[in-house]
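Take these sequences, add in the hints, and give me the full structure.
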Amino acid sequence: MFINFFLQLRDAKLPCSLREYLTLTEALKAGVADYSVEQFYYLARATLVKDEKNIDKFDRVFGQCFNGIEFISEASEAEIPEEWLRKLAELALSEEEKKAIEAMGGFEKLMEELQKRLEEQKKRHQGGSKWIGTAGTSPFGAYGYNPEGVRIGQEGSRNRRAVKVWDKREYQNLDDSIELGTRNIKVALKRLRRFAREGAAEELDLDDTIRSTARNAGLLDIKMRPERHNAVKVLILFDVGGSMDDHIRACEELFSAARGEFKHLEYYYFHNCLYEKLWKDNRRRHSEFKPTFEVMHTYPADYKLVFVGDATMSPYEIAYPGGSVEHWNEEAGQVWMRRMLDVYSKAVWLNPVQEKYWDYTPSVQMMRELMENRMFPLTIAGLEGAMKELTR
Amino acid sequence: MKFKGTDRYVATEDLMVAVNAAITLERPLLIKGEPGTGKTVLAHEIAKAIGAPLMEWHIKSTTKAQQGLYEYDAVSRLRDSQLGDEKVHDIRNYIKKGKLWESFTAPERPVLLIDEIDKADIEFPNDLLLELDRMQFFVYETGETVVAERRPIVVITSNNEKELPDAFLRRCFFHYIRFPDTETMKEIVEVHFPNVQKDLLREALSVFFEVRETPGLKKKPSTSELLDWLKLLMAEELPVEVLRSRDPAKLIPPLHGALLKNEQDVHLFERLAFLARRERN
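The listed protein sequences derive, respectively, from chains D and A. Position 367 of the first sequence, counted from 1, bears residue number 367 in the UniProt record's numbering, the numbering being contiguous throughout. Position 208 of the second sequence, counted from 1, bears residue number 208 in the UniProt record's numbering, the numbering being contiguous throughout.
Check the hints yourself; a few may be wrong.
What the hints assert, rightly or not - One-sided and incomplete, this derived list gives chain D residues near chain A with beta-carbon spacing under 7 Å: (1) Ala12; (2) Leu14; (3) Glu20; (4) Val32; (5) Gln39; (6) Tyr42; (7) Ala46; (8) Glu52; (9) Arg211; (10) His264.
Said to hold, decoys possible - In silico EDC-like cross-links for lysine to aspartate or glutamate, where the CA-CA straight-line distance does not exceed 20 Å: (11) A/Lys4 with D/Asp34; (12) D/Lys57 with A/Glu187; (13) D/Lys263 with A/Asp14; (14) A/Lys2 with D/Asp207; (15) D/Lys53 with A/Glu108; (16) D/Lys29 with A/Asp14; (17) A/Lys32 with D/Asp207; (18) A/Lys48 with A/Glu34; (19) A/Lys220 with D/Glu252; (20) A/Lys64 with D/Glu52; (21) D/Lys13 with A/Glu161; (22) A/Lys2 with D/Asp34; (23) D/Lys53 with A/Glu161; (24) A/Lys96 with D/Asp208.
Bear in mind the hints are in silico, worked out from the structure with no lab data behind them. Glycine included, every Cβ here is placed at the ideal spot set by N, Cα and C.
Here you go:
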């Protein structure tokens, strides 16, 4: 019945399967929804959409697919006074356009044209929640345009809302296809955790031994299990301030996800490049810091080292003593980087800057070389790559 | 047997359709939404509305799918065997029924609430696929197959802490409880506090929605927080004027402890109030 609709949903990259389509048909047959479009919309949404971030996509496809159907099914109920529509058209179309439409074939055509305008408007202003065109640039003149206005005509009919539910697109801001999200980060970080539980079976598993012995009707059955490795240990160094301010949200998300995921997580801050000092509290960075040497000696070499930073700075800050923008550094940043990497063999650099821009900044190139190419973008794919690198 | 909300619960039309679809087709209903929008309460209300018993299975991070079916208590059997208890000869004495089993064999068709499924391990939903689909499972210890006499109405809630597997989602109806708009919110409040003063409610709601609109809030207050707050306001018998006076210096709503649950959010409000005061001077 609604195969076209179903196929269009799939074209719009909405993950719905045949099984769900069959469920929908079954539900319709069972009479879950009565014969109104709204009920059908709700039912179809509950059946075919399984994630709130997809509801907006669904609404759009639904709007396209079933455009006009409502008018047919409820034509007897919704008598739209003609002059209202004319008034609307006056608002929406210019004089010349109106004349052109009259030449085309009168009012019917006018409505069609209006509809077309509507579509156009939607596309042009995609993303805005109200589709109000700005004065001057909008094809509709100085008044701007709002779909709720189109429905003026329907206010006179009984129990009809001014705007169709799916046209409101209320779920718009839940679409998270671009955003990183703590949840996704956590899933990516899981890779590290799994690794921590492997090993040879050399520890007595008391619970399992008791259970197996009992199952054996009292004959002792000893069970061994791998020694529980300490959960993976991670040392994260965050670049703060300056150009990193743009990426603060992504870093916050990474940090909160990592905090939940690893039992042994240590973090420090640095600015632009690694030098002889690290600190934990940005407000008291000048009074309370920890010498980098001390950090290296405190955390054993089995810590996995993660740098988070955009590596965007002047090349001098990496290559020369005294290059730092904040203080006089006795030794060059790259010396400190090498020292750190000598201690921690498992290390990666996560860069919140998109990968395609890396080549334009010489300091990113230098840092990448220092890291022996272990620099990854701070995206889900990049994180997975980084975690794979750390577990190698 | 159609669900239409109850005198204590305001259900929107889309929610009713989803619930009725789940009841009619006997498939699980997955409910998501902001914390405090009434996901768990929904199961209670469905049970009340259709007069079915409610069974609750609260999921924790350590919960295993098997625990919902049954557990074999090997240790007490071992102990009984040492003591020479007669019970030991029948393994069935040591099988403890889980919530799922109980709901399968309940004398009446029950509502089964699986609460906060996302708290469990990532594999948890997958382990329940067949059981929820066919409503049957096999008990290895006794060799019997438990089949549901009546398929229970299963309501599953999730707080979105973990992504659920596709295969699992395909077998459910889904509903996302959107944050209620002002009109619905008014209905909800009136259902809970039928004798609330009209002007107090109006002012409180506008303050509440203003708070929600504040950019940069870590945790937006939700329905349940609004209800708590209103209860407090009514208990304290604060005059409506306190809410109405939109004095920018007093940007923090009275008794904000019920609305803002995070000290950073309170700080944010204090900062805003400070800025407002400075602008005025």
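Results of checking the hints against the structure:
1. Ala12: Violated, because the Cβ-Cβ distance from D/Ala12 to chain A comes to roughly 17 Å (cut-off 7 Å).
2. Leu14: 12 Å, violated
3. Glu20: 6 Å, holds
4. Val32: Holds, because the Cβ-Cβ distance from D/Val32 to chain A comes to roughly 5 Å (cut-off 7 Å).
5. Gln39: For D/Gln39, the interface hint holds, since the closest Cβ of chain A sits about 6 Å away, which is under 7 Å.
6. Tyr42: 4 Å, holds
7. Ala46: At 4 Å from the nearest chain A Cβ, D/Ala46 passes the 7 Å test, so the hint holds.
8. Glu52: 4 Å, holds
9. Arg211: 5 Å, holds
10. His264: 19 Å, violated
11. A/Lys4 with D/Asp34: 14 Å, holds
12. D/Lys57 with A/Glu187: It is violated: about 30 Å lies between the C-alpha atoms, which goes past 20 Å.
13. D/Lys263 with A/Asp14: 43 Å, violated
14. A/Lys2 with D/Asp207: 48 Å, violated
15. D/Lys53 with A/Glu108: 37 Å, violated
16. D/Lys29 with A/Asp14: 18 Å, holds
17. A/Lys32 with D/Asp207: Distance of about 37 Å is beyond 20 Å: violated.
18. A/Lys48 with A/Glu34: 23 Å, violated
19. A/Lys220 with D/Glu252: 18 Å, holds
20. A/Lys64 with D/Glu52: Since the Cα atoms of A/Lys64 and D/Glu52 sit roughly 27 Å apart, the hinted pair is violated (cutoff 20 Å).
21. D/Lys13 with A/Glu161: Given that 20 Å is the threshold and the Cα spacing comes to 24 Å, the pair is violated.
22. A/Lys2 with D/Asp34: 12 Å, holds
23. D/Lys53 with A/Glu161: 14 Å, holds
24. A/Lys96 with D/Asp208: Given pair A/Lys96, D/Asp208 holds - Cα atoms ~18 Å apart, limit 20 Å.
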